[in-house]
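> Sequence:
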Amino acid sequence: MFKTLKDIPQKDLKNKRVLLRADFNVPVGDDRIVDEKEDWRIKAVLPTIKYLIGARAKIIILTHLGRPNGRVEESLRLGPVQDKLTELLDMSVKKIPDCVGRKVKEAIAEMEEGEILMLENLRFHKEEEKNDKNFAGKLAELGDIYINDAFGVSHRAHASTVAITEFLPSYAGLLLQKEIDVLEKILEKSDRPAVALIGGKKTETKLPVINILTEACDYVLVGGAIANEIINTPISKEVAPNVILPINCVIKKGDCLDIGDDSVKEFSKFIRNARTIVWNGPMGEFEKPEFAEGTKGVIEAIDAAYSNGAKVIIGGGETILALQKFAPSFFGYSDGFDKLTAGRMHISTGGGAMLEFLAGEKLPGIEALNK
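Residue numbers for the sequence shown follow the working numbering, beginning at 657 and rising by one.
No lab work stands behind these hints: they were computed from the structure. Errors might be hidden in some of the hints.
[Said to hold, decoys possible] EDC-like cross-link-like pairs, simulated, lysine to aspartate or glutamate; straight-line CA separation at most 16 Å:
(1) 981 with 946
(2) 908 with 946
(3) 857 with 822
Working from the sequences, and respecting the hints, build out all of it.
Okay, structure coming up:
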């Protein structure tokens, strides 16, 4: 089992350079501002950051934004994230326009105890997503201790989640530890029937997980772009019998952009009878009113099941945005991340990572901490 931040005596953190891998991959508006409804991934890491501030460590934040594919994209610089973190902590957060190199080392050398320095988008370097050992070594030179608090990217074998652990004493942050603890409890005792509801757009990451989930769950309900992919390709002949596909859709230009009324009724029947529900991904393009009814319908069914005692596990950025839009009061989002994860409700900071963990897959970022 991996070691956690709390395994380090606080006195041993004082004046240490702590590399904190966070997942601050949040939507940034055209005005270059992170909206308060979309800063939940940042808020989720605040307990770890505040703990390190209290221990008088030098906190060096490693994170990414978007998919720049190994090149600098001005729209994906981390300035808006820096501004939001400054606002949430009510203290200065410094930033430097790269994540490796001489200038970065000089900036870190000037840090005082309890200060925070955010390095630039890791994915501006193609070596990050290749899990490049040399790049990881350059990152490791910047710190004394490595903390992974980025559950949302721990299913990726990247330099800042895997290779870096070969160079530094490595620990799980408070958020990552909490995610694993909650999800392990769910795996240990999953009340039946268990239903997974899978939608959204990331077909390349979710399709491989669906068949694995059919073994962990009694039923897997599939909507969104993933349902399109299954229905329109030979894959549909290979899916397990407990995969439930839409029986009708709202169609535009040949594409199913939302599940239809009959599908909502069919999905709701399974959801309302479930004792454990795992949801990742909306049922359609919910941002547009004409394609939102499917997502609204399954939220109502989840509400009913939760009120009837079901456990509910939810993850994924689009899914959270749908909740905020259609059911903010029920899911208690305004009360903060801690209350979301209490009791029978868990809102995960990971989408694909959550699904893979619940499907029994080994997450590279977690396995690296176990070495």
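> Each hint needs a verdict: does it hold in this structure or not?
We went through each hint and held it up to the structure:
At most 16 Å may separate the alpha-carbon atoms for a hinted pair to count; residue 981 and residue 946 meet this at roughly 15 Å. Taken as a hint, the residue 908 and residue 946 pair is honoured in the structure, with Cα atoms around 10 Å apart against an allowance of 16 Å. With a CA separation close to 34 Å, the supplied pair residue 857 and residue 822 exceeds the 16 Å bound.
Checked against the numbered hints above, the structure breaks only hint 3 and satisfies the rest.
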